[in-house]
Amino acid sequence: MSEFVSYVIEGIPYGCVFALVAIGLVLTYKTSGVFNLAFGAQAFVSAAIYYDTRSRNEWGILPAFLVAVVVAGPVVGLVLDRLVFRFLRTAPPIAKLVASLGLLVAIPELVRLWFGTNPAYNPPSIAPDHDRIYTFGDYELYQYELISVVVTVLVVLGLTALFRYTAIGLRMRAVVESPRMTELNGINADWVGSLGWILSSLFAGLAGVLLAPLFAQIRAEDYTLLLVAALAAAAFGKLTNIGLTFLGAIILGIAQQVAAGTLPTDSILATGLRPSLPFVMLFLLLLFWPGLRNQREAQDPLAGVDPPPRALDVAPSRGRTTRLVTVVAAVVAVVVGYAVLDAFWMHLVIQAMIMAVIFLSITVITGMGGMISLSQASFAAVGAFTTAQLVERFDVPVLLTILAGTVLAGIVGAILALPILRLGGIYLALATLAFGLMFDNIVAPLDWAGGGNYGALTVPRPEIGPIDLGEDPDFYLFTAVVLGLVVLAALLVRSGTVGRFLDALRGSEAAATSLGINPARIRVTAFGLSAAIAGLGGGLLATFNGSAQPSDFISTLGLFWVVIVVTMGDRTVLGALAAAAGFVLVPQWLSDWDFAPGWQYILFGLASLTFARHPEGIVEWTKRSLVRGVETVEALRALRAARAPAPATATGAPAATGADVASDAMAGKGER
Amino acid sequence: MSLLEVTGIVKRFAGITALNGIGLDVEPAEIVGLIGPNGAGKTTLFNCLCGLLHPDGGKVAFDGVDITGLPVHRRARLGIGRTFQRMELFPGMTVLDHLLVADRARRGEGGLIADLSLQGRARPDELERARATLAQVGLEGDGDRYVEAMTLGRGRLVELARALMTQPRLLFLDEPSSGLDRDETARMTDVLEQLREERGLGILLVEHDVEMVDRVTSRVYVLDQGTLIASGPTAEVFADARVREAYLGDLV
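Chains A and B, in that order, are what the protein sequence lines are. If you count the first sequence from 1, position 189 lands on 189 in our numbering, and the numbers rise without skipping. If you count the second sequence from 1, position 13 lands on 13 in our numbering, and the numbers rise without skipping.
Source of the hints: derived by calculation from the structure; they are not laboratory data. Bear in mind that the values here come from a model prediction, so they are computed numbers and not experimental data. Among the hints, erroneous ones may be present.
To be verified - Derived DMTMM-like pairs (lysine to aspartate or glutamate); straight-line CA-CA distance at most 25 Å:
#1 B:59 with B:144
#2 B:59 with B:224
#3 A:623 with B:144
#4 A:623 with B:5
#5 B:59 with B:30
#6 B:59 with B:25
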């Protein structure tokens, strides 16, 4: 029993650190409606600065703490708010989520540019006498643990008082309800929102520095874990209640220590479940915590006052000829590629085509289905592992195993979809994120999944009858055919019943169901299809690489996939193809020009911030801009033509006509 | 047996009783009015009847079958259609697309397998049905237009046409004339009468336009603060002193 109590006491300091980030999450969610997935990354910023000043430059504790936490923390928050989230205040929740995902991807890499990639061992603590032990009856706490507890308790008490008893607290609560309405009452909602960001980023920085000594070294990955733990705690607090959030964080901290102390160390429960306890807790809370599901997403009731974002251009109905030309051009491109590409480039192009298959799964679920799934990497992993295991253990022909992997991934996706579909918007995204992380930690290390002790699983290239696809050029043609089929499938679904039903559900769920559309069924279909396509891509990738490596399919990489596809355009096939090309080529160019590989994440992460303004994606946006440009040029030509026949007439009527033509052309395009 | 038979519907929101034991019925080929001041609970009642809300008590029977527990889409497939007070159209879709979606949804046809085996696109018979319905409500030329570009009045007709594509036997119309001008209202009135006569539809109509209610309905129910305060043949109800006091005032 006393052992149990000591686990409980050991767990409290962990819980306190989780609580700091969780409270930051709730605070920004309350004041700006943004569910900031980048808080873990912000904690990492402060931890890195503290390490650099304290350990590398040997500053004192106080100056290092002031710079890393008190200055850097709030400054990062303020910058993010002023440069990014201020403009998203009335954007749909999905746009905010995408922006924070982009930052989650970009910020750690930005830090690494300056901090370096050398491992930073033995992170320093803020306790002057780090390991001094304080005894409370039979139980002991280290000084740094005690500090974590005291700081967190102070923060919670201070915040509660702020919200309850001060004018600024009242304003913050009002801004959450409706920024516009509050502004009509003469309050600057902008700055109240910024204050929320400053405060919560301060907490994130604090948590980052407090947490650092608990790990052997400072790594961004550990801070993603911190984020998920905080997410779980925030979910426990139903995303709004600071007291409950605090309690949830403490429970989670204790549960982790109890699990560490009591579970047998050699079982999968201990090695897999314990570190992923926060993911499991988040997942279960999202599914079963009453009240959370029905929480309406923080959204401005006056948002409707703003003009809605420009509607998507719908592709003009393409005639048979256009379609035929596109197909012929694609085939010609593949054949020319086969003839001219050298070994190096052919390798890259195959890789890009396989990524395009995986990315099309995101086009299906996010672009067509309107749902953000963050577990696509896990679905791809199911495809890859199935392919590898069946070949390795049962000697099944590779083509069949890829097919089996596709089907199995589809089934896994559909089964996952069943319980989580009741959740909308960001909750769905969080649930899939939790699932992906659980998959990474619990399933992927198993012998019969990612290989585990078995070692990396090898996968041979397929043979189709007499044709051996062992050589890259042959595999190139094979991949091109598969990609072509997946593109065709995506297009057929988009223009078919499923695509139209999904569009309808997205437009108005109430109206769609009142016509007889079963929303659960159609969304499960979309999830299953998307997962199957991801699984197919995963199987292909394993075959191409010759092995199925769990590290190729970790969830954090999957986050980046979503960011890059959404940025390039998740509504169109072309967007997915461009994203795949970028995913493969950009690292190549970066290394050619001696840039750090991290720039890839920074570039696409920051580019995703454009999503809020251009939800159609960069590819479609460029296309439209070009069309608009051409029309403007034509209009100007018309203007000049109108002037030309009457050079003698000084100005007046003809010029005016020309100007009208020009402005009409531009206005006409703008409205569409 | 009535087409729609509602008994004792109760709906509470956090202590407020929005509907207090509402009972009503609609016969085939009959247009029934549901009137009352704003906030009386008309739309709440509609949502309870079509399944968007679950009543705290009472029973809804359609064609003699208890449908109280059925989800929205199942009720729709039985033959219940509706339109919305605040229009619920699908942005980015053409008028024709709206109708095609409704057609397939009602028949429960199509799906992933059909899409992948090239059966997803609209078939000629489907297009023909959709065009016929468009013609019926007077939207012949608008099939290829996007709904964002349409006027409110035309938008309401699109909603009506979309509901009709589900081949309903019972239609809930929530203020179909709100936001329409005189001509458009007249057109809507004609369409409703025509539907009743030609298709034998039962219609439950929530409407503030007293003139329209007077013209098309045979009976009306008057709802005030969640309670039915009067019901009966339209002319009689409109003459009722209590109804005048609660809602009509000097309108009639």
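Next on the checklist: With the threshold set at 25 Å, check whether the alpha-carbon distance from residue 623 of chain A to residue 144 of chain B stays at or below it.
Outcome noted: holds (23 Å)
Checklist entry - If you draw a straight line from the CA of residue 59 of chain B to the CA of residue 224 of chain B, is it 25 Å or shorter? => result It holds: about 20 Å lies between the C-alpha atoms, which stays within 25 Å.
Item to check | 25 Å limit on alpha-carbon distance, applied to hinted pair residue 59 of chain B and residue 25 of chain B | outcome: Distance ~12 Å between residue 59 of chain B and residue 25 of chain B Cα, so the pair holds.
Checklist entry - Is the straight-line distance between the alpha-carbon of residue 623 of chain A and that of residue 5 of chain B 25 Å or less? => result Roughly 55 Å separates the two Cα atoms, so the pair is violated.
Next on the checklist: With the threshold set at 25 Å, check whether the alpha-carbon distance from residue 59 of chain B to residue 30 of chain B stays at or below it.
Outcome noted: holds (21 Å)
Checklist entry - Is residue 59 of chain B within 25 Å of residue 144 of chain B, Cα to Cα? => result Status violated; Cα separation ~42 Å.
The structure shown violates the earlier hints numbered 1 and 4.
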